[in-house]
Amino acid sequence: MRRLLFGTLLVSASLFAGAQGESRRADIPLGLDLYMPVPEDNRFTAEKVALGKRLFFDPVLSRDRSLACASCHVPSRAFTDGRAVAIGVFGRQGTRSAPTLVNRGYGAAFFWDGRMPTLEQQVLQPIQNPDEMDMTLDEALARLRDHPDYSEQFRAAFGAEASVEGLARALAAYLRTILSGDAPVDRYMNGDREALSAQARQGLNIFRGKGNCTACHVGPTFTDERFHNTGVAWRDGQWLDPGRYAVSGGAADRGAFKTPTLRQIARTAPYMHDGSLASLADVVEFYDRGGNSNPHIDSEVRVLRLSDDEKKALAGFLLEALSGDLREGQLR
Amino acid sequence: MTNDEPNPRNEEIRLDSWKAIAAHLKRDVRTVRRWEKLEGLPVHRHLHQAQSTVYAYPSEINAWSATRQPRREEVAAWRRPIPALAFAAVLMLSLLLVADAPYSTYAAAAQRVPGQSGMTSRRVWTLPQDGTFDGTISADGRFLSYPDTATDNLVVHEFATGRDRLITNAAGNGDYAFRSLISRNGKQVAYSWYRGDTGRGELRVASLEGTGLPQSQLLFANEDVTDVKAFDWSPDGNWIAVQLERKDRTGQIGLISVRDGSLRVLKSAEWRYIFELYFSPDGQYLAFDLPVGDNQQRDVFILAVDGSGEIPAAMGPTQDSMMGWSPDGKHLLFASERGGTVGLWAVTIADGRPQGPPELIKSDITPHSQGLSASGSLYYGVLLGGRDIHVASVDLETGKLVGELVRPVQSFVGSNAQPDWSPDGKYLAYISNRRQTSIDRVLAIQFVETGQVREFRPKLSNFQRLRWAPDGRSLLFQGTDRKGRQGAYRIDAQTGEVRAIAVSEPGGGLSWPQSSQDGRKVYYRKGAPDSMSLVERDLASGNEREIIRRNSLGAPSLSSDGRFIATTYNDGATKSSVVLLIPVSGGEPRELLRVSQPQSLDQFVAWMPDGRAVLVNKSLNESGDQRELWLVPTAGGQPRKIDIGAAWFGGPIKVHPDGRQITFMAGENNSKELWVLENFLPALKAAK
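Chain order of the listed sequences is A and B.
Quick note: the first sequence uses my numbering, first residue 1, plus one each step.
Quick note: the second sequence uses my numbering, first residue 1001, plus one each step.
Okay, chain A solo, but in the shape it has when bound:
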């Protein structure tokens, strides 16, 4: 019902609230595709991105005015929070780790279980989640409309007062400018053979070969945007989290989670949807043993039998090669 309402709102918005300002493009770093799938009704404008950035960092959208989006998506931690699971208002603990937001403009499904198909739909969910910001959209709008600066910024961005669709579009537009590229691996793949150390080069070969990491972590964003069961949620013969199954209802999706990007992975510990693995060495060990065997484990996950040297090289590649330039809010 909420999705239907939101869809209606977006259609209305496209009719009544045309975007203001000159259409711009994200400033895309080396290694990412120049083509980013931006919705036609939410093209970049400087005004919109500036509004989205302000909203992202403003705790005004949380019930106790204590948390902003940036509280769990901290720029210095590559837009994660360093915790195993997120902490919301009044210290309420969530069940999943706050994922990094880098390169989400290229995303095809949002949240660990992919329950939202667009960024515009996704960004409104944490505001309304009782364990995160715990607001209704009406309450959020009222606060924004009461705020003189925001009214002005919404008018500059959309030619209208603050609205749910404007809020969604501004936040989504800003999120699309959070980009990570120009990492050592990008320079290496672009022809700079010295951009990676010998160990990282060995790690890259394992990443693409024996390690089978590219089965899921593929392409410029190092994610296939699909859902895989590696067994992280399988403990003592039961599921701790249904994962994608909660969305699709398909038995094969039990315990499956969306492949996270590996961009900026050196800065996004702890790892996995539940933050259960503290280090990249732990992650490599997890996959080397073939994940946690369970009835629905992905066919691509199997025992790797990496040597100690190979494990070090793979972890070394992940640490060294993938965490390059991180930019946000930049347009051209």
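It cannot be assumed that every hint is accurate.
[Said to hold, decoys possible] Distance condition first, Cα-Cα at most 20 Å in a straight line; then the derived SDA-like pairs of lysine to any residue:
{"#": "1", "chain 1": "A", "residue 1": "Lys210", "chain 2": "B", "residue 2": "Asp1248"}
{"#": "2", "chain 1": "B", "residue 1": "Lys1483", "chain 2": "A", "residue 2": "Thr223"}
{"#": "3", "chain 1": "A", "residue 1": "Lys210", "chain 2": "B", "residue 2": "Ala1502"}
{"#": "4", "chain 1": "B", "residue 1": "Lys1247", "chain 2": "A", "residue 2": "Asp192"}
{"#": "5", "chain 1": "B", "residue 1": "Lys1247", "chain 2": "A", "residue 2": "Tyr188"}
{"#": "6", "chain 1": "B", "residue 1": "Lys1483", "chain 2": "A", "residue 2": "Arg302"}
{"#": "7", "chain 1": "B", "residue 1": "Lys1459", "chain 2": "A", "residue 2": "Asp298"}
{"#": "8", "chain 1": "A", "residue 1": "Lys210", "chain 2": "B", "residue 2": "Thr1480"}
{"#": "9", "chain 1": "B", "residue 1": "Lys1247", "chain 2": "A", "residue 2": "Ala195"}
{"#": "10", "chain 1": "A", "residue 1": "Lys210", "chain 2": "B", "residue 2": "Gly1484"}
{"#": "11", "chain 1": "B", "residue 1": "Lys1483", "chain 2": "A", "residue 2": "Ser299"}
{"#": "12", "chain 1": "B", "residue 1": "Lys1247", "chain 2": "A", "residue 2": "Ala198"}
{"#": "13", "chain 1": "A", "residue 1": "Lys210", "chain 2": "B", "residue 2": "Ser1504"}
{"#": "14", "chain 1": "B", "residue 1": "Lys1483", "chain 2": "A", "residue 2": "Arg226"}
{"#": "15", "chain 1": "A", "residue 1": "Lys210", "chain 2": "B", "residue 2": "Thr1226"}
{"#": "16", "chain 1": "B", "residue 1": "Lys1618", "chain 2": "B", "residue 2": "Arg1594"}
{"#": "17", "chain 1": "B", "residue 1": "Lys1247", "chain 2": "A", "residue 2": "Gly209"}
{"#": "18", "chain 1": "A", "residue 1": "Lys210", "chain 2": "B", "residue 2": "Ala1500"}
{"#": "19", "chain 1": "B", "residue 1": "Lys1483", "chain 2": "A", "residue 2": "Leu304"}
{"#": "20", "chain 1": "A", "residue 1": "Lys210", "chain 2": "B", "residue 2": "Lys1483"}
{"#": "21", "chain 1": "B", "residue 1": "Lys1247", "chain 2": "A", "residue 2": "Arg187"}
{"#": "22", "chain 1": "B", "residue 1": "Lys1247", "chain 2": "A", "residue 2": "Arg193"}
{"#": "23", "chain 1": "B", "residue 1": "Lys1521", "chain 2": "B", "residue 2": "Arg1545"}
{"#": "24", "chain 1": "B", "residue 1": "Lys1483", "chain 2": "A", "residue 2": "Asn205"}
{"#": "25", "chain 1": "B", "residue 1": "Lys1247", "chain 2": "A", "residue 2": "Leu30"}
{"#": "26", "chain 1": "A", "residue 1": "Lys210", "chain 2": "B", "residue 2": "Gln1486"}
{"#": "27", "chain 1": "B", "residue 1": "Lys1483", "chain 2": "A", "residue 2": "Thr259"}
{"#": "28", "chain 1": "A", "residue 1": "Lys210", "chain 2": "B", "residue 2": "Asp1224"}
{"#": "29", "chain 1": "B", "residue 1": "Lys1575", "chain 2": "B", "residue 2": "Gln1626"}
{"#": "30", "chain 1": "A", "residue 1": "Lys210", "chain 2": "B", "residue 2": "Arg1482"}
{"#": "31", "chain 1": "B", "residue 1": "Lys1483", "chain 2": "A", "residue 2": "Asp224"}
{"#": "32", "chain 1": "A", "residue 1": "Lys311", "chain 2": "A", "residue 2": "Ser279"}
{"#": "33", "chain 1": "A", "residue 1": "Lys210", "chain 2": "B", "residue 2": "Gly1508"}
{"#": "34", "chain 1": "B", "residue 1": "Lys1459", "chain 2": "A", "residue 2": "Ser299"}
{"#": "35", "chain 1": "B", "residue 1": "Lys1483", "chain 2": "A", "residue 2": "Tyr287"}
{"#": "36", "chain 1": "A", "residue 1": "Lys312", "chain 2": "A", "residue 2": "Glu285"}
{"#": "37", "chain 1": "B", "residue 1": "Lys1247", "chain 2": "A", "residue 2": "Asp224"}
{"#": "38", "chain 1": "B", "residue 1": "Lys1247", "chain 2": "A", "residue 2": "Arg201"}
{"#": "39", "chain 1": "B", "residue 1": "Lys1459", "chain 2": "A", "residue 2": "Arg226"}
In short, the hints are calculated from the structure, not lab data.
All figures in this text were calculated on a predicted structure; none of them were measured in a lab.
Once you've looked at the hints, dock chain B against the given chain A.
For chain B alone, kept in the frame of chain A given last:
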């Protein structure tokens, strides 16, 4: 004895280099490397060495050669389906046109396209036997670039003089030219160049001004890029649109600057590849085809060259592939099966967006676009010929052919191979490879009674060696997934759902999977020739049991009672070939037939339904161009020759459950022609 240790003295003399393999096949190194890459030529690698080296076994090479369906032997008729009379007419016309002749003869042979005022198609030129449709027409329509696989070189052909100009000078070291395109001003040609020493492709440009062998300039090479295919020049001549294949086998669409060779990656496509890509005449857009969804059918997309947007231009449940743009940029042309045949369609484009539904221009065309001239004529490749699936009805008592040799499949003639009948004989499954210059394999299942065909495009980079499961609900085959891993797969004959049965380790060489009668076990061949084994795999446990190991085994064929595997074996010590009958449960294999050089046996053995005999294809000479089919009793008795009425035949032989019909590959080689479709744009405009 089930584990027969290989005796080194029995081993064949190994071919230890590309040069040796090429010499054995009497072809150049470039050709055999291409065959390995695109057609599964059995070449092995010493994977433990930093710089991998290759080797091959003559018996394996010979077996492959005997059953190879050359990629050039493609489509004689692209209608689907073709009524018998219409097919005969097409064939007659093809025969009339096939002889090389001066230009005036081509004009005389021009065909007026029914229903379209003024639109004509005519043959322009017949390519040399070793030329391929991997180039483009010049904007003035005077030249065609194409790779010559006989010499590995790029050639530019001038129609008016009939002169071929050599653009490259391959040194016979494994380098070769493939994809090429002439710039819009006709002054340069860009081409993809594969280097044997690095094992990677690079992009080069050569001037077409002057005469003689031009200097080529390296424009782009990257150690992380294994293949770079040039597709189109930008109208201003500053960029070349390419497809890259990265080391992890993923594909990317990009632009390479002609000025400095720098790369702009526009779109990454995981393990998907385009067939064709063209700049819009205003240079603002690229249009290309790409597989979508689980059924792997292609749609056509338009992508802004500045990366600002992408939209679908032609979508649907059937295969669409890009053919070009009209010179005014108002129409995008694509080949599509949406009308029931492969036809040429156009969709109107304004501001990079499709306007209205696509419009049929011509109801039959081949999807091998060679580009449009500036005047709006569409050049395309046509392959004519007849090597395809055949069925012979035979009287096995007399060994004589009964009636005529027939072709059961009358669509995409020349592209179909590897037939197998379902256990009830009602369906004929086969593989149809529909492009010459890239892999587009379709698994087809024909309902024999009606001729109706069901088609699937498995999400694999390659697949072959189909065999029905005994329950008739699925087929097993050998395939390579898009990440390059070889394995045994099962496809549901109704839904097309594909599941992996077993994936081999690198160099594992898993081939010829076949199901047991109860469906609980699968049998396949495994390993390199010097340690090749036939293996039984229990599907419930995944456990494997080795049945026999020899240094050179053919394709295993399980008897209907599941007790024996028949195969061939090349005995290097005595320079002879043997049909072996191997007890599945263990025990000494039994020889059913042995022939000595220059005669040899193909690796394929077919059981008669009653299990009393097997059929095997015997080559009478080293070249394999003289063949005989022999019926070999399994319980003793004299083998006897069976006449199937084909001058040449090869590939897997399969016997119908009625025991009277045999299917196999036969027919003559095909020829390649360049055709042009003219005056179709005025008709398109008039329709508007």
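Structure-based check of all given hints:
For the suggested pair Lys210 of chain A and Asp1248 of chain B, the alpha carbons sit about 12 Å apart, so the restraint of at most 20 Å is met. Restraint check: the Cα-Cα separation between Lys1483 of chain B and Thr223 of chain A comes to about 15 Å, which is no more than 20 Å; the hinted pair holds. A threshold of 20 Å between alpha carbons decides the hint, and for Lys210 of chain A with Ala1502 of chain B the separation of about 17 Å falls inside it, so the pair holds. For a cut-off of 20 Å, the pair hint linking Lys1247 of chain B to Asp192 of chain A stands: about 15 Å separates their Cα positions.
Among the hinted pairs, Lys1247 of chain B with Tyr188 of chain A is consistent with the structure: their alpha-carbon atoms are about 12 Å apart, no more than 20 Å. Of the supplied pair hints, the one linking Lys1483 of chain B and Arg302 of chain A holds, its CA atoms being roughly 16 Å apart against a limit of 20 Å. Using a Cα cut-off of 20 Å, the hinted pair Lys1459 of chain B and Asp298 of chain A holds, with the two alpha carbons roughly 17 Å apart. For the suggested pair Lys210 of chain A and Thr1480 of chain B, the alpha carbons sit about 17 Å apart, so the restraint of at most 20 Å is met.
The suggested pairing of Lys1247 of chain B with Ala195 of chain A holds, with an alpha-carbon distance near 17 Å, which does not exceed 20 Å. About 12 Å separates the Cα atoms of Lys210 of chain A and Gly1484 of chain B, which keeps this hinted pair within 20 Å; it holds. Distance restraint check for Lys1483 of chain B and Ser299 of chain A: the Cα-Cα separation of roughly 14 Å lies within the 20 Å cut-off, and the hinted pair is therefore satisfied. Distance restraint check for Lys1247 of chain B and Ala198 of chain A: the Cα-Cα separation of roughly 17 Å lies within the 20 Å cut-off, and the hinted pair is therefore satisfied.
At most 20 Å may separate the alpha-carbon atoms for a hinted pair to count; Lys210 of chain A and Ser1504 of chain B meet this at roughly 13 Å. Taking the CA atoms of Lys1483 of chain B and Arg226 of chain A, the gap is about 16 Å. The hint holds against a cut of 20 Å. A threshold of 20 Å between alpha carbons decides the hint, and for Lys210 of chain A with Thr1226 of chain B the separation of about 19 Å falls inside it, so the pair holds. For a cut-off of 20 Å, the pair hint linking Lys1618 of chain B to Arg1594 of chain B stands: about 10 Å separates their Cα positions.
Proposed proximity of Lys1247 of chain B and Gly209 of chain A is supported: the alpha carbons are some 10 Å apart, at most 20 Å. This hinted pair checks out: Lys210 of chain A and Ala1500 of chain B have alpha carbons roughly 19 Å apart, not beyond 20 Å. Annotation: proposed proximity of Lys1483 of chain B to Leu304 of chain A holds, straight-line Cα distance about 17 Å (limit 20 Å). A distance of roughly 12 Å separates the Cα atoms of Lys210 of chain A and Lys1483 of chain B; the hinted pair therefore holds under the 20 Å criterion.
The straight-line distance between the Cα atoms of Lys1247 of chain B and Arg187 of chain A is roughly 15 Å, inside the 20 Å bound, and the hint therefore holds. At most 20 Å may separate the alpha-carbon atoms for a hinted pair to count; Lys1247 of chain B and Arg193 of chain A meet this at roughly 14 Å. As the CA atoms of Lys1521 of chain B and Arg1545 of chain B are separated by approximately 11 Å, the hinted pair is consistent with the 20 Å bound. As the CA atoms of Lys1483 of chain B and Asn205 of chain A are separated by approximately 14 Å, the hinted pair is consistent with the 20 Å bound.
For the proposed pair Lys1247 of chain B and Leu30 of chain A, the alpha carbon gap of about 18 Å is at most 20 Å, so the pair holds. With a C-alpha separation of about 15 Å, the suggested pair Lys210 of chain A and Gln1486 of chain B falls inside the 20 Å cut-off, and the hint holds. Between Lys1483 of chain B and Thr259 of chain A the alpha-carbon distance is near 18 Å, which keeps this suggested pair within the 20 Å criterion. For the hint pairing Lys210 of chain A with Asp1224 of chain B, the CA-to-CA distance comes to about 18 Å; that is within 20 Å, so the pair holds.
Of the supplied pair hints, the one linking Lys1575 of chain B and Gln1626 of chain B holds, its CA atoms being roughly 19 Å apart against a limit of 20 Å. At most 20 Å may separate the alpha-carbon atoms for a hinted pair to count; Lys210 of chain A and Arg1482 of chain B meet this at roughly 16 Å. Our distance criterion of 20 Å between C-alpha atoms is met by Lys1483 of chain B and Asp224 of chain A, whose separation comes to about 14 Å. The hinted pair formed by Lys311 of chain A and Ser279 of chain A meets the criterion: a straight-line CA distance of about 13 Å does not exceed 20 Å.
Restraint check for Lys210 of chain A and Gly1508 of chain B: satisfied, since their Cα atoms lie roughly 14 Å apart, inside the 20 Å limit. In summary, the hint linking Lys1459 of chain B to Ser299 of chain A is supported, as the alpha carbons are separated by about 15 Å, within the 20 Å threshold. Distance check on the hinted pair: Lys1483 of chain B and Tyr287 of chain A sit about 19 Å apart at the alpha-carbon level, within 20 Å; holds. Distance hint between Lys312 of chain A and Glu285 of chain A is fulfilled; the C-alpha atoms sit about 10 Å from each other, no more than 20 Å.
Between the alpha carbons of Lys1247 of chain B and Asp224 of chain A the distance comes to roughly 17 Å, so the proposed pair stays at or under 20 Å and holds. The hinted pair formed by Lys1247 of chain B and Arg201 of chain A meets the criterion: a straight-line CA distance of about 13 Å does not exceed 20 Å. Proximity of Lys1459 of chain B to Arg226 of chain A is assessed by CA-CA distance (about 16 Å); at most 20 Å being required, the pair is judged to hold.
When the structure is compared with the earlier hints, no violation turns up for any of them.
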